[in-house]
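Protein chains: 2
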Amino acid sequence: MNPFTNDPAARVTAIGEVGLIELIKAWLGPTTPKAPQGIGDDCAVLRPYPNGVLATTDGVVFGHHFDENATPEAAGEKLLKRNLSDIAAMGGSPRDALITLLLGPDVSLKFVEGFYRGLRACAEQNNICLAGGDITSTAPHFFAAYATLLGETTNPITRVGGQAGDSLWVTGTLGGSLLGHHLTFEPRISEGLFLSAYPGIKSLIDLTDGMAKDCHALFSPGIEAVFDISQIPISPAAYTQSQHTNKTPLEHAFCDGEDYELLFVLDSKADEVNLITQWKNAFKTPLNRIGWLSAISIPESPAELRRLDTGAPLPAWRGYEHLKNVIHTLQK
Amino acid sequence: MNPFTNDPAARVTAIGEVGLIELIKAWLGPTTPKAPQGIGDDCAVLRPYPNGVLATTDGVVFGHHFDENATPEAAGEKLLKRNLSDIAAMGGSPRDALITLLLGPDVSLKFVEGFYRGLRACAEQNNICLAGGDITSTAPHFFAAYATLLGETTNPITRVGGQAGDSLWVTGTLGGSLLGHHLTFEPRISEGLFLSAYPGIKSLIDLTDGMAKDCHALFSPGIEAVFDISQIPISPAAYTQSQHTNKTPLEHAFCDGEDYELLFVLDSKADEVNLITQWKNAFKTPLNRIGWLSAISIPESPAELRRLDTGAPLPAWRGYEHLKNVIHTLQK
Numbered sequence: 001m002n003p004f005t006n007d008p009a010a011r012v013t014a015i016g017e018v019g020l021i022e023l024i025k026a027w028l029g030p031t032t033p034k035a036p037q038g039i040g041d042d043c044a045v046l047r048p049y050p051n052g053v054l055a056t057t058d059g060v061v062f063g064h065h066f067d068e069n070a071t072p073e074a075a076g077e078k079l080l081k082r083n084l085s086d087i088a089a090m091g092g093s094p095r096d097a098l099i100t101l102l103l104g105p106d107v108s109l110k111f112v113e114g115f116y117r118g119l120r121a122c123a124e125q126n127n128i129c130l131a132g133g134d135i136t137s138t139a140p141h142f143f144a145a146y147a148t149l150l151g152e153t154t155n156p157i158t159r160v161g162g163q164a165g166d167s168l169w170v171t172g173t174l175g176g177s178l179l180g181h182h183l184t185f186e187p188r189i190s191e192g193l194f195l196s197a198y199p200g201i202k203s204l205i206d207l208t209d210g211m212a213k214d215c216h217a218l219f220s221p222g223i224e225a226v227f228d229i230s231q232i233p234i235s236p237a238a239y240t241q242s243q244h245t246n247k248t249p250l251e252h253a254f255c256d257g258e259d260y261e262l263l264f265v266l267d268s269k270a271d272e273v274n275l276i277t278q279w280k281n282a283f284k285t286p287l288n289r290i291g292w293l294s295a296i297s298i299p300e301s302p303a304e305l306r307r308l309d310t311g312a313p314l315p316a317w318r319g320y321e322h323l324k325n326v327i328h329t330l331q332k
Numbered sequence: 001m002n003p004f005t006n007d008p009a010a011r012v013t014a015i016g017e018v019g020l021i022e023l024i025k026a027w028l029g030p031t032t033p034k035a036p037q038g039i040g041d042d043c044a045v046l047r048p049y050p051n052g053v054l055a056t057t058d059g060v061v062f063g064h065h066f067d068e069n070a071t072p073e074a075a076g077e078k079l080l081k082r083n084l085s086d087i088a089a090m091g092g093s094p095r096d097a098l099i100t101l102l103l104g105p106d107v108s109l110k111f112v113e114g115f116y117r118g119l120r121a122c123a124e125q126n127n128i129c130l131a132g133g134d135i136t137s138t139a140p141h142f143f144a145a146y147a148t149l150l151g152e153t154t155n156p157i158t159r160v161g162g163q164a165g166d167s168l169w170v171t172g173t174l175g176g177s178l179l180g181h182h183l184t185f186e187p188r189i190s191e192g193l194f195l196s197a198y199p200g201i202k203s204l205i206d207l208t209d210g211m212a213k214d215c216h217a218l219f220s221p222g223i224e225a226v227f228d229i230s231q232i233p234i235s236p237a238a239y240t241q242s243q244h245t246n247k248t249p250l251e252h253a254f255c256d257g258e259d260y261e262l263l264f265v266l267d268s269k270a271d272e273v274n275l276i277t278q279w280k281n282a283f284k285t286p287l288n289r290i291g292w293l294s295a296i297s298i299p300e301s302p303a304e305l306r307r308l309d310t311g312a313p314l315p316a317w318r319g320y321e322h323l324k325n326v327i328h329t330l331q332k
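Chains B and C are the protein sequences, given in the same order. Under this note's numbering, the first residue of the first sequence carries the number 1, and numbering increases by one thereafter. Under this note's numbering, the first residue of the second sequence carries the number 1, and numbering increases by one thereafter.
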């Protein structure tokens, strides 16, 4: 849906900030409790976090993270789901969120309503309290929204800790997210909670900018990844997309952004068979062991990403790098 | 300073997201601890908040909250100070912040560096940990930054609770903020902490959109405010500005945004003399009793804001309403 309208009576400016906040409270229903726990005071007052706080922030910008083909509900859900994926990547549970809107004066009320209905649905599904936020007016034809999501865990799994000999695993399937998965994905909260409790999970991230880029976060100096290419779970969408690009399905699986799957390192001494058995009992989500961490084999020319079958380095795939990719867009 | 540059080598895109994050870590120094407490993992892992969390979010958008006349350091400080003012308005202490940047590809690295040096200075002054955030690329000629600030208090002072007979007090001086105060103000953190501990403080807010608008947050149904006009602390800047507008200094004091002063309600039975004595011992910040809450005197036409001397209603001043004011800007 187009977020903007030429009809002055249908714009957010027809109602103003105070009126819009009242509508937002109505749209959110019980997902925003009474102030000061919910919307309405200078700060939200949240219940204690006795075991520490997981905190993350991520946004959606119209024309960048979604476009006119997305429903406003799907855009609102995507905003929370992007943040949920970060909580999942620490093995945590979500709890409280603040929402920031940046609105041009020509944004339609109907779009904002749909966006908040999507936020509410996702918040209800994940037991998230929408505690407050901010609205800022911007120049026309602009819509962006940010969430800060707070969560809990007694055992956060960080990115570091993998050593040579440890195995590398990924959930779901990879690549081709632009064909729809970037809106319809399910954040791997339950899977992340399972992994944070499973013995031997040493490091964990979610894949947002393509595995070829994101996996580097798991390597200490002197470590490279050796991928069993036959085990990479290439998504059907990656095959579809490769018919219209000059890239192979494998390159799409390694380089496309917005998979929102979990990539993790398992200790070399951990029980792999038990992991697979327990996983299958708990989830329908695919799980694949896609490679190993290894000491860099040729110190003079570290490849960092290598094929198991031939030992050859993978191409210099880099995934999605935000500010660099903008240059390309501008130059096209 | 102009945030944008035509020189490709001086732009954020020359270095890319990964390089920019490394620079940001260097600019922030010890205000961002090692991951996962600081920048670098999927979520920041913050120490426990055993007494609950105060959470607020606020931003600065170039062309809206600051312009080319501001240094980037002042813009960065303003971002944190806006959020600090919300923590002050609950009587809390700040602790952890997440920072979100929305950057056009033509934003200059030098501007971003200055912005982060301002953030660091303000964080050091207020003992804030800059725990993480997000960077999103946008269309050219756009710069915005948001902070989510978390804080602590054992005794949050909300907006509600004032009753007829209670007195109304304000810190500092009001009006004319556009002439400089909107950048140079000091958030009233110490004053807010003092008030949260003082017996009889019933409700508290910070003034961001003009007292004429913001004071309504303190009224329950059936209550109006009666102002002792002689006690309104009109700032010198309000007098200066009134020379160039068709408004009186008093109207500037009531209606200009961005005072970032505290407005609070004191119980009618509280010891006013003791409050003033203790305040003067602790602070140089002016404190004025500017009026009272009163039962609405003419139920058929509630004025909500009234003069003590004549009993007449104050003009229909409304302060700054975000989305409505944009319409005016567009129509001018």
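By construction, these hints were calculated from the structure, which means they are not laboratory data. For clarity, every value in this text was computed on a predicted model and none was experimentally measured. Warning: the hint list may mix true and false statements.
Said to hold, decoys possible - No more than 30 angstroms apart at the CA atoms, straight line, and that leaves these computed lysine-lysine pairs for BS3-like:
#, chain 1, residue 1, chain 2, residue 2
1, C, Lys284, C, Lys202
2, C, Lys25, C, Lys110
3, B, Lys213, C, Lys25
4, B, Lys247, B, Lys213
5, B, Lys213, C, Lys284
6, C, Lys269, C, Lys202
7, B, Lys269, B, Lys247
8, C, Lys110, C, Lys213
9, B, Lys34, C, Lys25
10, C, Lys34, B, Lys202
11, B, Lys213, B, Lys284
12, C, Lys213, B, Lys25
13, C, Lys213, B, Lys110
14, B, Lys269, C, Lys269
15, B, Lys34, B, Lys110
16, C, Lys202, B, Lys25
17, B, Lys202, C, Lys25
18, C, Lys110, C, Lys202
19, B, Lys280, B, Lys213
20, C, Lys280, C, Lys269
21, B, Lys202, B, Lys280
22, B, Lys213, C, Lys247
23, B, Lys110, B, Lys202
24, B, Lys110, B, Lys25
25, B, Lys34, C, Lys213
26, C, Lys202, B, Lys34
As the list claims (entries may be wrong) - Cβ-Cβ distance ranges computed for the label pairs, FRET-style:
#, chain 1, residue 1, chain 2, residue 2, range
27, C, Gln163, B, Glu68, 47 to 53 angstroms
28, B, Glu68, C, Arg47, 42 to 48 angstroms
29, B, Gly63, C, Ala164, 47 to 53 angstroms
Ideal Cβ positions, reconstructed from N, Cα and C, are used throughout, including at glycine.
Cross-check of the supplied hints:
1. Lys284(C) to Lys202(C): OK: Lys284(C) and Lys202(C) at ~23 angstroms, within 30 angstroms.
2. Lys25(C) to Lys110(C): 15 angstroms, holds
3. Lys213(B) to Lys25(C): Roughly 20 angstroms separates the two Cα atoms, so the pair holds.
4. Lys247(B) to Lys213(B): 17 angstroms, holds
5. Lys213(B) to Lys284(C): This hinted pair is violated, its Cα atoms lying about 54 angstroms apart.
6. Lys269(C) to Lys202(C): 11 angstroms, holds
7. Lys269(B) to Lys247(B): 37 angstroms, violated
8. Lys110(C) to Lys213(C): 38 angstroms, violated
9. Lys34(B) to Lys25(C): The given pair, whose Cα atoms are some 38 angstroms apart, is violated under the 30 angstroms limit.
10. Lys34(C) to Lys202(B): It holds: about 18 angstroms lies between the C-alpha atoms, which stays within 30 angstroms.
11. Lys213(B) to Lys284(B): Holds - the C-alpha atoms of Lys284(B) and Lys213(B) are around 27 angstroms apart, at most 30 angstroms.
12. Lys213(C) to Lys25(B): Holds, at roughly 20 angstroms.
13. Lys213(C) to Lys110(B): 27 angstroms, holds
14. Lys269(B) to Lys269(C): Cα-Cα ~70 angstroms, so violated.
15. Lys34(B) to Lys110(B): At roughly 24 angstroms apart (the allowed maximum being 30 angstroms), Lys110(B) and Lys34(B) satisfy the hint.
16. Lys202(C) to Lys25(B): Given that 30 angstroms is the threshold and the Cα spacing comes to 25 angstroms, the pair holds.
17. Lys202(B) to Lys25(C): 25 angstroms, holds
18. Lys110(C) to Lys202(C): Cα-Cα ~46 angstroms, so violated.
19. Lys280(B) to Lys213(B): 28 angstroms, holds
20. Lys280(C) to Lys269(C): 21 angstroms, holds
21. Lys202(B) to Lys280(B): 21 angstroms, holds
22. Lys213(B) to Lys247(C): 58 angstroms, violated
23. Lys110(B) to Lys202(B): Violated, at roughly 46 angstroms.
24. Lys110(B) to Lys25(B): With a Cα-Cα distance of about 15 angstroms, the restraint between Lys110(B) and Lys25(B) holds, given a limit of 30 angstroms.
25. Lys34(B) to Lys213(C): 21 angstroms, holds
26. Lys202(C) to Lys34(B): 18 angstroms, holds
27. Gln163(C) to Glu68(B): 47 to 53 angstroms: 51 angstroms, holds
28. Glu68(B) to Arg47(C): 42 to 48 angstroms: 43 angstroms, holds
29. Gly63(B) to Ala164(C): 47 to 53 angstroms: 52 angstroms, holds
The earlier numbered hints that this structure contradicts are 5, 7, 8, 9, 14, 18, 22, 23.
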